[in-house]
Amino acid sequence: MTGMIQGGWEFVWLVYGITWAGLIGYGLSLARKDARA
Amino acid sequence: MKTIRDVLWKDLLIEWRARSRTVALLSFAYTILLLFAFAIGPDAAALRQHAGAYLWLGLLLCSSLLLDRTMRTEFEAGAIQSLMLVPVSSSGLFFGKALANTLQLWLVGAVSVPLVFVVCDASLTESVGLMALTLVMGAAGLAAPGTLYAAMIARLSGRQLLLPLMLFPLVVPVVVAAVKSTSLVMLGDPMDQIGSWLVLLGCFNLVYWSLCGILFGRVVEA
Amino acid sequence: MNQRWEIWVGLLGTVMLVWAHYTGLFVSPPEAMMGDVGRILYAHVPTAWVGLLTYLVAFIAAIGALATGRAAWDAMVEATVEVGLLLNVLLLIQGSLWAKPTWGVYWTWDPRLTTCAIMVVAFGVVLALRRQIDAPMRRLTISSVATIIAFVNVPIVYLSVKWWKTLHQPYSSPETVDSAMVTPLRVAAFGMLFLATAFVVRRWRIGLVALQRDFEAPDLPEASAPLKVED
Chain A
-14 MTGMIQGGWE
-4 FVWLVYGITW
6 AGLIGYGLSL
16 ARKDARA
Chain B
9 MKTIRDVLWK
19 DLLIEWRARS
29 RTVALLSFAY
39 TILLLFAFAI
49 GPDAAALRQH
59 AGAYLWLGLL
69 LCSSLLLDRT
79 MRTEFEAGAI
89 QSLMLVPVSS
99 SGLFFGKALA
109 NTLQLWLVGA
119 VSVPLVFVVC
129 DASLTESVGL
139 MALTLVMGAA
149 GLAAPGTLYA
159 AMIARLSGRQ
169 LLLPLMLFPL
179 VVPVVVAAVK
189 STSLVMLGDP
199 MDQIGSWLVL
209 LGCFNLVYWS
219 LCGILFGRVV
229 EA
Chain C
1338 MNQRWEIWVG
1348 LLGTVMLVWA
1358 HYTGLFVSPP
1368 EAMMGDVGRI
1378 LYAHVPTAWV
1388 GLLTYLVAFI
1398 AAIGALATGR
1408 AAWDAMVEAT
1418 VEVGLLLNVL
1428 LLIQGSLWAK
1438 PTWGVYWTWD
1448 PRLTTCAIMV
1458 VAFGVVLALR
1468 RQIDAPMRRL
1478 TISSVATIIA
1488 FVNVPIVYLS
1498 VKWWKTLHQP
1508 YSSPETVDSA
1518 MVTPLRVAAF
1528 GMLFLATAFV
1538 VRRWRIGLVA
1548 LQRDFEAPDL
1558 PEASAPLKVE
1568 D
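Protein sequences, first through last, are from chains A, B and C. The first sequence begins at -14 in the numbering used here and counts up one residue at a time. The second sequence begins at 9 in the numbering used here and counts up one residue at a time. The third sequence begins at 1338 in the numbering used here and counts up one residue at a time.
In case anyone wonders, no lab produced these hints; they're calculated from the structure. There may be inaccurate statements among the hints.
Claimed, not checked - The following label-pair restraints were derived from C-beta to C-beta distances:
(1) Arg29(B) to Lys18(A): 40 to 50 Å
(2) Trp5(A) to Tyr38(B): 50 to 60 Å
(3) Trp(-2)(A) to Val207(B): 43 to 53 Å
Quantities reported herein were computed from a predicted structural model and do not represent experimental measurements. Beta carbons are placed, not taken as given, at the ideal position from N, Cα and C, and that holds for glycine.
Chain A with its partners taken away, still in its complex shape (with noise of 0.2 Å):
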C-alpha cells in the first residue's frame, strides 16, 4: 500500500461531528418552529 496516507483520524471525527451536529441541530429547530407554529 505505497502512498497511502497515515492517521489522520482527528479529521475524520471532525467531519463526522459537524456533520452530525449540523443534521441533528437543524431538525431540532425544524422541530421547534413547528411547535410554536
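Please arrange chains B and C on chain A, whose structure you already have, making use of the hints.
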C-alpha cells in the same frame, strides 16, 4: 427590434446628457487601477503578469456603480410604471438596457486599457481585435445578469451592498475567462488558448442573455 | 399518520445513516490511497449527491412558482433552498477538512470545492432576498428568479474553474470506490436522501402556513405598485 433600438437610444441619451457622471465613473476606474499598482508595489514583473486581472477587477467595481445608477433612473419618479404602460415587450426593454450597459462598460474598459499599459508596463502581444473582442464579451457578460439583478433589487434599501454580492457567483466565470483572455492577449498566447476562453465567454453570454431576457418581464412587473 | 409521514421517513433515513456511518468508520477497510482519511467519503459523498438533488428540486419549484404564482410552490422553494444550503455548508466544511490531510492545505482551488463555495453565496442570496422583501408576490418572483439563475450558474462555474485550474496543472481526483465500500456508501446516500426529504417536507409545511397567511392578507394599495399591461 425597434424597442431595443429605442430603449438603447434613450439610455445612451440619458447618459450623454449626464456625462459628468460618466467622467466620474472613468475617474473611479483610473483610481482603482492606480491603487492596485500602489498596493502591489513597484514589482514590475508582478504588475505586468497580472495586468489583465487589475483591469477586470477595476471594471467589476465600476460595473456595480454603473448598474445601480442606470437602473435607478428607471425606478425614480415612477418612470418604470409609465414605461410599462407603453406597449413594449419587456425583453425588448431588457435587451435595450443591457446593451446600453454593455456599451458603457466597454467604453470604461477601452479607456482603461491605455492606463493599464502605462502603469503596469504591459503591451499588446496579440491583436487589438482580440483585445476589443474580449472587452466586449466580458462587458456583455457582466451587463446581462447585472441588468436583471439591478432591476430585481431596485426597490430594496440595502441594494448597493447586495448587488455585488448577488452578482459575485455569476460573475466568477466571466472574470476568470476575461482575465485569462486579456492576459494572454497582453503577454502572448503560445498555445492558442484564447479561443477556448472566448468560447466560454460566448457560451456564458448566450445562456445569460436569453435567460435574463425571459425573466426580466416578471421581475419588473413584480 | 398521513399528516406526518415525513417523520417516519426521517427516522428511517437517520437509522440508515447511523448504520452506514458506523460500518464505514469501524468495519470497512481503509481506502487504498487515502487510508483512514478516506472514511470521510461516507459522509461527504452522500451530502454532495443529496445537496445537489435538493437544489435541483429548488430549481423545479422555482419554475413552478413563477408559472403558477401559488404559495405552495413558493414554500417549496423556501424549504429546498434552506435544506440545500444546510447541506451545501456542510459539504464545504467537509471538503475543506478532507483537503487538509490529503493535500496539506484547507483550501485548494479545486473546481468542486470552489464551485461549492460559490453555490453557498448564490443560494444564500436567495434566502437573504426572501428576508428583505415583504410583499408576498414580489418575494415569490424575485426569489424564484434568483434560484433559477443560481442553479443554471452551477455547471458554468464548475466548467470555468476546471479549465482555469487544469491549464495550470493536471487535475487528478481519487474516484474509484472499492467494492467493500459500496454498500455502506449506498445506504448512506439513501439514508441522507430520506432524512433530507423529511427536512424539506417538514420545512415546507411550516413555511406554507405562514405564506398562505401572507398571500391571503388584504391587498393594501402599495405606493409603488406597477400597473399590469396585458400583452
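These are the hints, each one checked on the structure:
One distance hint, 40 to 50 Å for the beta-carbon pair Arg29(B) and Lys18(A), holds here, with the actual separation near 47 Å. Between Trp5(A) and Tyr38(B) the beta carbon distance is about 53 Å. The supplied range of 50 to 60 Å therefore holds. A beta carbon spacing of about 45 Å between Trp(-2)(A) and Val207(B) agrees with the range 43 to 53 Å that was offered as a hint.
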